[in-house]
Amino acid sequence: MGGRARGVRRGGVGRHLIVEMYECDPLALDSVEAVKTALLDAAVASNSTVIGYEFYRFKPHGISGYVLIAESHISIHTWPELGYAAVDVFTCGEHTDPWKGLDMLKERFKARKMTILEIVRGIGAEDYVGYWSPAGALTGARAVR
4 MGGRARGVRR
14 GGVGRHLIVE
24 MYECDPLALD
34 SVEAVKTALL
44 DAAVASNSTV
54 IGYEFYRFKP
64 HGISGYVLIA
74 ESHISIHTWP
84 ELGYAAVDVF
94 TCGEHTDPWK
104 GLDMLKERFK
114 ARKMTILEIV
124 RGIGAEDYVG
134 YWSPAGALTG
144 ARAVR
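Per our numbering, numbering of the sequence shown is gapless, rising by one per residue and ending at 148.
Note that these hints are calculated values from the structure, not bench results. Be careful, since some hints might not be right.
Straight line, CA to CA, 20 Å or less: simulated EDC-like cross-link-like pairs of lysine to aspartate or glutamate [to be verified]:
id: 1; residue 1: Lys103; residue 2: Glu23
id: 2; residue 1: Lys62; residue 2: Asp106
id: 3; residue 1: Lys39; residue 2: Glu23
id: 4; residue 1: Lys113; residue 2: Glu97
id: 5; residue 1: Lys39; residue 2: Glu97
id: 6; residue 1: Lys62; residue 2: Glu36
id: 7; residue 1: Lys103; residue 2: Asp91
id: 8; residue 1: Lys116; residue 2: Asp28
id: 9; residue 1: Lys116; residue 2: Glu57
id: 10; residue 1: Lys62; residue 2: Asp44
id: 11; residue 1: Lys62; residue 2: Glu110
id: 12; residue 1: Lys62; residue 2: Glu84
id: 13; residue 1: Lys116; residue 2: Glu97
id: 14; residue 1: Lys116; residue 2: Glu84
id: 15; residue 1: Lys113; residue 2: Glu84
id: 16; residue 1: Lys113; residue 2: Asp91
id: 17; residue 1: Lys113; residue 2: Asp44
id: 18; residue 1: Lys116; residue 2: Asp33
id: 19; residue 1: Lys116; residue 2: Glu23
id: 20; residue 1: Lys39; residue 2: Asp106
id: 21; residue 1: Lys116; residue 2: Glu36
id: 22; residue 1: Lys103; residue 2: Glu84
id: 23; residue 1: Lys116; residue 2: Asp91
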């Protein structure tokens with residue numbers, strides 16, 4: 004993620020990355036096989052356990068799908084005609100790292116810009132939300148009450 008400081012777990016049960024990917028490779032976003040492989044590889048990269056998956060290709064273009072992991076999920080909705088993908092990477096447990104999964108997805112879809120919202124989920128995480136701009140800088144972390 005370009006040298007930017009990554010989120011630090013602050014309590015809670017897991018980390019949820021809500022990601023806007025822009026200027027992606029349209030061909031990669033419109034291939035069920037490419038999207039499925041990317042999400043499965045992201046699950047492995049994040050040190051998660053794959054339980055199952057499902058993907059659907061829309062006509063004339065676009066894919067929605069998810070990988071169910073023992074630690075939560077990775078999901079995607081693509082708009083190849085816009086070079087855009089909406090992605091969630093949500094992992095629970097100290098052994099997982101959703102950022103490693105996101106690195107894999109950024110590489111596979113050749114995303115030139117991303118906006119990332121990181122939410123630490125669960126009890127003890129009520130005071131952390133991190134937001135990263137397309138430029139890659141932390142633009143805010145705030146207490147949420």
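These are the hints, each one checked on the structure:
| no. | hint | result |
| --- | --- | --- |
| 1 | Lys103 - Glu23 | holds, 16 Å |
| 2 | Lys62 - Asp106 | violated, 29 Å |
| 3 | Lys39 - Glu23 | holds, 18 Å |
| 4 | Lys113 - Glu97 | violated, 28 Å |
| 5 | Lys39 - Glu97 | violated, 25 Å |
| 6 | Lys62 - Glu36 | holds, 16 Å |
| 7 | Lys103 - Asp91 | holds, 13 Å |
| 8 | Lys116 - Asp28 | holds, 12 Å |
| 9 | Lys116 - Glu57 | violated, 26 Å |
| 10 | Lys62 - Asp44 | violated, 26 Å |
| 11 | Lys62 - Glu110 | violated, 25 Å |
| 12 | Lys62 - Glu84 | holds, 12 Å |
| 13 | Lys116 - Glu97 | violated, 28 Å |
| 14 | Lys116 - Glu84 | holds, 16 Å |
| 15 | Lys113 - Glu84 | holds, 15 Å |
| 16 | Lys113 - Asp91 | holds, 17 Å |
| 17 | Lys113 - Asp44 | holds, 15 Å |
| 18 | Lys116 - Asp33 | holds, 18 Å |
| 19 | Lys116 - Glu23 | holds, 8 Å |
| 20 | Lys39 - Asp106 | holds, 16 Å |
| 21 | Lys116 - Glu36 | violated, 23 Å |
| 22 | Lys103 - Glu84 | violated, 27 Å |
| 23 | Lys116 - Asp91 | holds, 16 Å |
When held up to the earlier numbered hints, the structure conflicts with 2, 4, 5, 9, 10, 11, 13, 21 and 22 and fits the remainder.
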